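Q: Chain residues, written in single-letter form:
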Amino acid sequence: MASSTSAAAAAAAVSLSLRLRSPYLNPIKFSQFGFPCSKSLQLVLPCLALDASVTSVSTKGEMEKENKLWGGRFEEGVHESVERFTESVSFEAEELWVHDIRGSIAHANMLAAQGLITEGDRDLIIEGLSKIKIKIETGEFVWRKDREDVHMNIEAALTDMIGEPAKKLHTARSRNDQVVTDIRLWCRDAIDRILIRIKQLQAQLVLLALRNDGLIVPGYTHLQRAQPVLLQHLLLSYVEQLERDAGRLINCQERLNFSPLGACALAGTGHPIDRLMTSQELAFTAPLRNSIDAVSDRDFLLELLSANSITAVHLSRIGEEWVLWASEEFGFIIPSDSVSTGSSIMPQKKNPDPMELVRGKSARVIGDLISLLVLCKGLPSAYNRDLQEDKGPLFDSVKAIIGMLEVTTVFAANITFNSERIRSSLPAGYLDATTLADYLVKKGMPFRTSHEVVGRAVALCIAKKCQLSDLSLDDLWGINSIFEKDVYDFLGVENAVNKFTSYGSTGSCEVQKQLQFWSSKLRHHQS
Amino acid sequence: MASSTSAAAAAAVSLSLRLRSPYLNPIKFSQFGFSCSKSLQLVLPCLALDASVTSVSTKGEMEKENKLWGGRFEEGVHESVERFTESVSFEAEELWVHDIRGSIAHANMLAAQGLITEGDRDLIIEGLSKIKIKIETGEFVWRKDREDVHMNIEAALIDMIGEPAKKLHTARSRNDQVVTDIRLWCRDAIDRILIRIKQLQAQLVLLALRNDGLIVPGYTHLQRAQPVLLQHLLLSYVEQLERDAGRLINCQERLNFSPLGACALAGTGHPIDRLMTSQELAFTAPLRNSIDAVSDRDFLLELLSANSITAVHLSRIGEEWVLWASEEFGFIIPSDSVSTGSSIMPQKKNPDPMELVRGKSARVIGDLISLLVLCKGLPSAYNRDLQEDKEPLFDSVKAIIGMLEVTSVFAANITFNGERIRSSLPAGYLDATTLADYLVKKGMPFRTSHEVVGRAVALCIAKKCQLSDLSLDDLRGINSIFEKDVYDFLGVENAVNKFTSYGSTGSGEVQKQLQFWCSKLDITSAE
Numbered sequence: 001m002a003s004s005t006s007a008a009a010a011a012a013a014v015s016l017s018l019r020l021r022s023p024y025l026n027p028i029k030f031s032q033f034g035f036p037c038s039k040s041l042q043l044v045l046p047c048l049a050l051d052a053s054v055t056s057v058s059t060k061g062e063m064e065k066e067n068k069l070w071g072g073r074f075e076e077g078v079h080e081s082v083e084r085f086t087e088s089v090s091f092e093a094e095e096l097w098v099h100d101i102r103g104s105i106a107h108a109n110m111l112a113a114q115g116l117i118t119e120g121d122r123d124l125i126i127e128g129l130s131k132i133k134i135k136i137e138t139g140e141f142v143w144r145k146d147r148e149d150v151h152m153n154i155e156a157a158l159t160d161m162i163g164e165p166a167k168k169l170h171t172a173r174s175r176n177d178q179v180v181t182d183i184r185l186w187c188r189d190a191i192d193r194i195l196i197r198i199k200q201l202q203a204q205l206v207l208l209a210l211r212n213d214g215l216i217v218p219g220y221t222h223l224q225r226a227q228p229v230l231l232q233h234l235l236l237s238y239v240e241q242l243e244r245d246a247g248r249l250i251n252c253q254e255r256l257n258f259s260p261l262g263a264c265a266l267a268g269t270g271h272p273i274d275r276l277m278t279s280q281e282l283a284f285t286a287p288l289r290n291s292i293d294a295v296s297d298r299d300f301l302l303e304l305l306s307a308n309s310i311t312a313v314h315l316s317r318i319g320e321e322w323v324l325w326a327s328e329e330f331g332f333i334i335p336s337d338s339v340s341t342g343s344s345i346m347p348q349k350k351n352p353d354p355m356e357l358v359r360g361k362s363a364r365v366i367g368d369l370i371s372l373l374v375l376c377k378g379l380p381s382a383y384n385r386d387l388q389e390d391k392g393p394l395f396d397s398v399k400a401i402i403g404m405l406e407v408t409t410v411f412a413a414n415i416t417f418n419s420e421r422i423r424s425s426l427p428a429g430y431l432d433a434t435t436l437a438d439y440l441v442k443k444g445m446p447f448r449t450s451h452e453v454v455g456r457a458v459a460l461c462i463a464k465k466c467q468l469s470d471l472s473l474d475d476l477w478g479i480n481s482i483f484e485k486d487v488y489d490f491l492g493v494e495n496a497v498n499k500f501t502s503y504g505s506t507g508s509c510e511v512q513k514q515l516q517f518w519s520s521k522l523r524h525h526q527s
Numbered sequence: 001m002a003s004s005t006s007a008a009a010a011a012a013v014s015l016s017l018r019l020r021s022p023y024l025n026p027i028k029f030s031q032f033g034f035s036c037s038k039s040l041q042l043v044l045p046c047l048a049l050d051a052s053v054t055s056v057s058t059k060g061e062m063e064k065e066n067k068l069w070g071g072r073f074e075e076g077v078h079e080s081v082e083r084f085t086e087s088v089s090f091e092a093e094e095l096w097v098h099d100i101r102g103s104i105a106h107a108n109m110l111a112a113q114g115l116i117t118e119g120d121r122d123l124i125i126e127g128l129s130k131i132k133i134k135i136e137t138g139e140f141v142w143r144k145d146r147e148d149v150h151m152n153i154e155a156a157l158i159d160m161i162g163e164p165a166k167k168l169h170t171a172r173s174r175n176d177q178v179v180t181d182i183r184l185w186c187r188d189a190i191d192r193i194l195i196r197i198k199q200l201q202a203q204l205v206l207l208a209l210r211n212d213g214l215i216v217p218g219y220t221h222l223q224r225a226q227p228v229l230l231q232h233l234l235l236s237y238v239e240q241l242e243r244d245a246g247r248l249i250n251c252q253e254r255l256n257f258s259p260l261g262a263c264a265l266a267g268t269g270h271p272i273d274r275l276m277t278s279q280e281l282a283f284t285a286p287l288r289n290s291i292d293a294v295s296d297r298d299f300l301l302e303l304l305s306a307n308s309i310t311a312v313h314l315s316r317i318g319e320e321w322v323l324w325a326s327e328e329f330g331f332i333i334p335s336d337s338v339s340t341g342s343s344i345m346p347q348k349k350n351p352d353p354m355e356l357v358r359g360k361s362a363r364v365i366g367d368l369i370s371l372l373v374l375c376k377g378l379p380s381a382y383n384r385d386l387q388e389d390k391e392p393l394f395d396s397v398k399a400i401i402g403m404l405e406v407t408s409v410f411a412a413n414i415t416f417n418g419e420r421i422r423s424s425l426p427a428g429y430l431d432a433t434t435l436a437d438y439l440v441k442k443g444m445p446f447r448t449s450h451e452v453v454g455r456a457v458a459l460c461i462a463k464k465c466q467l468s469d470l471s472l473d474d475l476r477g478i479n480s481i482f483e484k485d486v487y488d489f490l491g492v493e494n495a496v497n498k499f500t501s502y503g504s505t506g507s508g509e510v511q512k513q514l515q516f517w518c519s520k521l522d523i524t525s526a527e
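First to last, the protein sequences are chains V and Y.
If you read the first sequence in this note's numbering, its first letter stands for residue 1, the second for the next number, and so on.
If you read the second sequence in this note's numbering, its first letter stands for residue 1, the second for the next number, and so on.
Rather than coming from a laboratory, the hints here were simulated on the basis of the structure.
Predicted, not measured: the structure shown is a model, and the values here were computed from it.
One or more of the hints may lead you astray.
To be verified - What the simulated footprint calls covered on chain V by chain Y, stretch by stretch (three residues with Cβ under 8 Å from a Cβ of chain Y suffice, anywhere in the stretch; the number is not a length):
id, segment
1, 188 to 197
2, 359 to 366
3, 499 to 505
Unchecked claim - Derived list of chain V stretches under chain Y, where covered just means 3 residues or more per stretch with a C-beta under 8 Å from a C-beta of chain Y:
id, segment
4, 86 to 97
5, 345 to 352
6, 449 to 463
C-beta: ideal position from N, C-alpha, C; glycine also.
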């Protein structure tokens, strides 16, 4: 119909002209203290307008500005763009508030025990903090960007609620030791959360191994067929790697579990505080020995993000292997529909996306580590505001690694190994060549010589388009007279696998021992 | 003179040579590759693809020998492939000693298990010892056509003792051999780093002992914050280095497991004794899973992560000392022995060593990133990619050892300019927190006292004076709570002395820290 075509065309033309009109062509009015956009620009591109509605956390833009808690020596208020650029509440509050309140309660208890505040004040403070906790949990609490960070938001809300006693809470404390206490508590919990996921994945891999008893797969090096291995052996190699990942996290957790609380700004305090008491209440091992070190350093974050990066690399390797094995060319793995996705255009596709994303997310975990290394590099001592940028990478890295571990666990629970396809593919690739070389060594030939003899046998197979076990004794004698009839006990993948007997090898007894070790270790842990 | 014209002619020739782009030259394609035309070789000899480019001989002129793995190969390896894939040029120097040590352990085990005769074992060990001496005296010729350190040594052994040498590789692969070498190398490297860390810690403690009682401004945000004892700041570095050492020790414990006997990836059928080689090489135990043993380089990632964190710590000391050596700070005077001059500006005396410490942290981080990216997404077991692990490893360890050594030397050769520091201390209201604490002791809530002192600071700014210069009337004009004893809390000496909390900058507390470190590092006070 006429109306619809012309209206649609007109709308398209408008949208085109809007898109073609570059915002750089618009006039910009400079006001006295900054550069708000002209009204016309705001109309054309509302998303560029510098107002508070852009972000989800309220900045109380319309309310009268309240004085900062540190405003004593300041004559001017902070410029709005600075406030918006420097606030951290929007990305840290959700993660840190619970630890911040826990730390404040421990601090208030200590202050009262040391006579620095009265028991009445302490009770008011703790009651107030508990109410704030409930408000946050029920979503009633309003986080205000003009109150900068999670600490100031909670303290100001407490002051609003109980008045004068709240102002005593910050005695012998600084945001510098407060924030690093919060982060250490957060990391301690985060490591526990990661460790549980690691164990779940280990258990799932062991279960997958138990479900595939006796299945032989090609072992690859250089992605060329190397030797036959039990699938169980391969799966347990992932379990070993995850165990070291867990070890790194446990070391990291032990090393970070020291209390910075009471280090104050950087030099400690003259108030008779008891750092041991807060350290104990927060279940830290001990207070950190040096107050400057306590507020300066983020090495525990670097260590945690390094550990995560190494875990991510391990998971990326599993991802690569399973994606490869799910391809038509390999065809060794069939993921269930529940862990696959389709293509928007190609009807036949069933993609192993979760493991691709596990492989892919390792990039951001490594990226988070690099951000933090570069952040900390070359900073002078004690607290610098730069350190506020530690939280984004930290939260991102932990979230990514937990997701990767969970999805790998789910994937492991939902794949089937296509044993028929695997078995039928096994004869190719001379997987039994090393076993044959070992046979010759047992007959007394030096290994390097046997390596060469078997190499010549392989060349003969290539010429005859057959496998080693297809060669006749005459064929073999043509290469070297040492061969005897028992050579056929060493050929073929089943024979080859059974010949492995060394500790940690793919021989079925050895793999059985590994399986028993892991089954009992993981069961023991889980109980 | 005529001779000068010939110089001009020579210059013109060299100019025309430089202007003639090599891309303009014809390239002749030979049957198996792309060798440069003779004319190009004449113009730009450095581009010619011949073996003389590198220092390690490729035996280019000798008749090619067969590879030790050449049994199934009909064609030789193309020269450019050989040059691209060889590793002997960068690994031999670092790994040969561990390679020989591993081979001796392996030979001993083979003989003990009856896999070779005792006579063969003796010949092998004698041959290896001779090779060791040859390498030490520089007589040994490393051949690139023999690919890597393992093949070079084994082939040299065969040249020397013949048949028995060919039995050495029984139940061994380069895959487990190289990772055994690297683990031994790392174990040693960590010891070397740990010694340097301890030396630097000791040097910092000595520097602290030499500067007893010196108060310096403590900074946060690089703004003056609170006065601290210099000793306290120096000991904060010692704390950080102690955690660096802890990470390395954890890494060393975790990597000290033996991969030897994992062979290619699946173990072996020969009756080897992995426990015996593990013990002879002073490993804790054999690795439990042979695929894991040859697959994973997580121990390198962990070592390079630990190095990166140490590097970040050292970069922060570098930043601080460079800053303090500037005219504007003027707190540090480096001795001439650790400074360098400018080629153009006669007055300059630059703290280059600490700039380079700060700078080299970049390459240590870069090495870690190389290795993370290298390992990301690799399928299981050995892939040739892993050969690229060695240069970042060697580079990282070399850089970190250099950084630690130079920082130690620098610490031994700086003087703190006590006079300049003392005269600069009154500026910056370093005693403001102490004053706020004073008010808290008088019963005022901390947040209120923070604001009161903030107003006092604003008054000082208006009057261009320090807090201790304000009269009691000035102070009472702000709040009536002030009394005469306020002056016991003003000035940096008073301020420092008021710090009493555990880990704080109070002299009693810092004394305790010093004693702790002196006894831990076996430093006996020099007085």
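Q: Okay, the segment 359 to 366 of chain V and chain Y, do three or more residues pass the C-beta test at under 8 Å?
A: holds (count 4)
Q: Do at least three Cβ atoms from the segment 499 to 505 of chain V come closer than 8 Å to Cβ atoms of chain Y?
A: holds (count 7)
Q: Closer than 8 Å, Cβ to Cβ, for at least three residues: run that test on the segment 188 to 197 of chain V against chain Y and report holds or violated.
A: Answer violated; 0 residues pass the 8 Å Cβ test.
Q: Has the segment 345 to 352 of chain V got at least three residues whose CB is nearer than 8 Å to a CB belonging to chain Y?
A: Coverage by chain Y is violated here, the residue count being 0 at a Cβ distance below 8 Å.
Q: Quick check: the segment 86 to 97 of chain V, covered by chain Y? Criterion 3+ residues, Cβ under 8 Å.
A: violated (count 0)
Q: Are at least 3 residues of the segment 449 to 463 of chain V within less than 8 Å of chain Y when you compare beta carbons?
A: holds (count 10)
This entry does not satisfy hints 1, 4, 5, going by the numbered hints stated previously.
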